[in-house]
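Trainee: Note that the protein sequences, when read in sequence, are chains C and E.
Numbering of the first sequence is given in the numbering used here, commencing with residue 834 and proceeding in unit increments.
Numbering of the second sequence is given in the numbering used here, commencing with residue 834 and proceeding in unit increments.
Derived from the structure by calculation, the hints contain no laboratory data.
Each hint should be verified, as a subset may be incorrect.
[As the list claims (entries may be wrong)] Derived DSBU-like pairs (lysine-lysine); straight-line CA-CA distance at most 35 angstroms:
| no. | chain 1 | residue 1 | chain 2 | residue 2 |
| --- | --- | --- | --- | --- |
| 1 | C | K973 | E | K982 |
| 2 | C | K982 | E | K936 |
| 3 | C | K850 | E | K982 |
| 4 | E | K889 | C | K973 |
Number of protein chains: 2
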Amino acid sequence: METITSPKNDHIKLAKKLTVKKYQKDYDRYLLEGPHQVHDALAAGAQPDRLYVTSKYAQDREFKEYYNRMTEITADVEQHLSSTQSPQGVFGVFPLPHNQLPKQLHGSFLLLDGIQDPGNVGTMVRTADAAGVQNVVLGKQTADAFSPKVLRAMQGSQFHVNIVSADLTKLVPQLQRSGVPVYGTELNDQAKPYASIAKTDNFALIMGNEGNGMRPELLARTDVNIYIPMRGNAESLNVGVAAGVVLFHLLS
Amino acid sequence: METITSPKNDHIKLAKKLTVKKYQKDYDRYLLEGPHQVHDALAAGAQPDRLYVTSKYAQDREFKEYYNRMTEITADVEQHLSSTQSPQGVFGVFPLPHNQLPKQLHGSFLLLDGIQDPGNVGTMVRTADAAGVQNVVLGKQTADAFSPKVLRAMQGSQFHVNIVSADLTKLVPQLQRSGVPVYGTELNDQAKPYASIAKTDNFALIMGNEGNGMRPELLARTDVNIYIPMRGNAESLNVGVAAGVVLFHLLS
Chain C
834 METITSPKND HIKLAKKLTV KKYQKDYDRY LLEGPHQVHD ALAAGAQPDR LYVTSKYAQD
894 REFKEYYNRM TEITADVEQH LSSTQSPQGV FGVFPLPHNQ LPKQLHGSFL LLDGIQDPGN
954 VGTMVRTADA AGVQNVVLGK QTADAFSPKV LRAMQGSQFH VNIVSADLTK LVPQLQRSGV
1014 PVYGTELNDQ AKPYASIAKT DNFALIMGNE GNGMRPELLA RTDVNIYIPM RGNAESLNVG
1074 VAAGVVLFHL LS
Chain E
834 METITSPKND HIKLAKKLTV KKYQKDYDRY LLEGPHQVHD ALAAGAQPDR LYVTSKYAQD
894 REFKEYYNRM TEITADVEQH LSSTQSPQGV FGVFPLPHNQ LPKQLHGSFL LLDGIQDPGN
954 VGTMVRTADA AGVQNVVLGK QTADAFSPKV LRAMQGSQFH VNIVSADLTK LVPQLQRSGV
1014 PVYGTELNDQ AKPYASIAKT DNFALIMGNE GNGMRPELLA RTDVNIYIPM RGNAESLNVG
1074 VAAGVVLFHL LS
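Bound-form chain C, shown alone (with noise of 0.2 angstroms):
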């Protein structure tokens, strides 16, 4: 197996690159790290073009099959590859998923509209998953989905859920023709209490951006405002957190 000991071959680079959103669109590639998450790819079905793993990795009987497929990486490169302090040995391209949102507009769909944080994505990919909710669709100004940090918090829901991005403004009355009714979250005079809500499989619910909520051309079209009842005296929740209380309550 050939290795590669400097973090300078072209190889490598480019790799590197396929962390950016950028170079990620024009190679139609991104850059998984970890085990655990090209473990995940690999058994939901996704092809590498290249496993890079350090001779921890490079007998690993899980990997058996891609053999063929991988280059011995040495420390330093490891440590350049990797988006954390402590690199776990394994990195794959993979490339990008070409989601479509379903033609017929029927099902579960979590809005995401302008949640800058990639934890916080990244964490709601990873809860609508175990929920149950089909789609995830990424509004302008939200973090891009196979950015390391958001890779890192959905924990492989990318192979479980069906993210796309779309135009907010336009998919929200598109979703209303057919007949999902629009979920916004914000505290207003209208809103109603998340419990009051019928448990339906058929919604979409769009969570807004952290500090400024959802954008108020979008909070003008929802079919009903939600929001979560508190009892103490914190003055709001984590967008990820109040998604999970939301989703679980409706897919219940």
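Put chain E on the given structure of chain C with help from the hints.
Mentor: Positioned in the frame of chain C, the structure of chain E alone reads:
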């Protein structure tokens, strides 16, 4: 008003130390960062030893009452004191709260058993506050509650919730003897779906380590183990999201 222009000033060196647990204990003080956090502290009646502010805030009417405890700092000093890339011009040195468990063990308790990520600890305190939990107990190996990252995620909830540290292996039997049922969160054969647990104001909920869950010695002592049924394919939920789903069920 005095202005400090050097990060090497003794007061600034001390203030910076007050972001670290050891020094926080030695001096019985901690450093709060940002106008929002400092505002929450003052609103809760906490008395700062000193506020360090940039010129932008030196005339801020909100801090009028504390002008005599204010020191102006330059941008250099601001950046030195800050734990973020974009500091926000206000810092306060506050006394550490001396919280204790209630003498009569009754009410709601969130027990954190080895939660390592500061963001998770902070988010869970904030969530507990929102849900109306009265006490959050930090067990061993749980991240320190007054580190900058935890404080940022708590968003002032340390002023609304009774945060204490304790040996959970001792506390759990004490709670049980006092009639407080202790719920574990581990998916095992005996575990019950959270929605089947009756809503209550009198309980202790244990959340375990992000990777390894609860310690076995605690698990063995719980009255009931509860889990969150997942319709989707995620292996697990983020620990903060899981705490939110369970707490908002129990206390709603």
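Trainee: For the pair supplied as a hint, K850 (chain C) and K982 (chain E), confirm whether the alpha-carbon distance does not exceed 35 angstroms.
Mentor: 29 angstroms, holds
Trainee: Check whether the Cα positions of K982 (chain C) and K936 (chain E) lie no farther apart than 35 angstroms.
Mentor: 43 angstroms, violated
Trainee: Can you confirm whether the C-alpha distance between K889 (chain E) and K973 (chain C) stays at or below 35 angstroms?
Mentor: 32 angstroms, holds
Trainee: Below or equal to 35 angstroms on CA atoms is what counts here, so check K973 (chain C) against K982 (chain E).
Mentor: 27 angstroms, holds
Checked against the numbered hints listed earlier, the structure breaks hint 2 alone; every other hint is satisfied.
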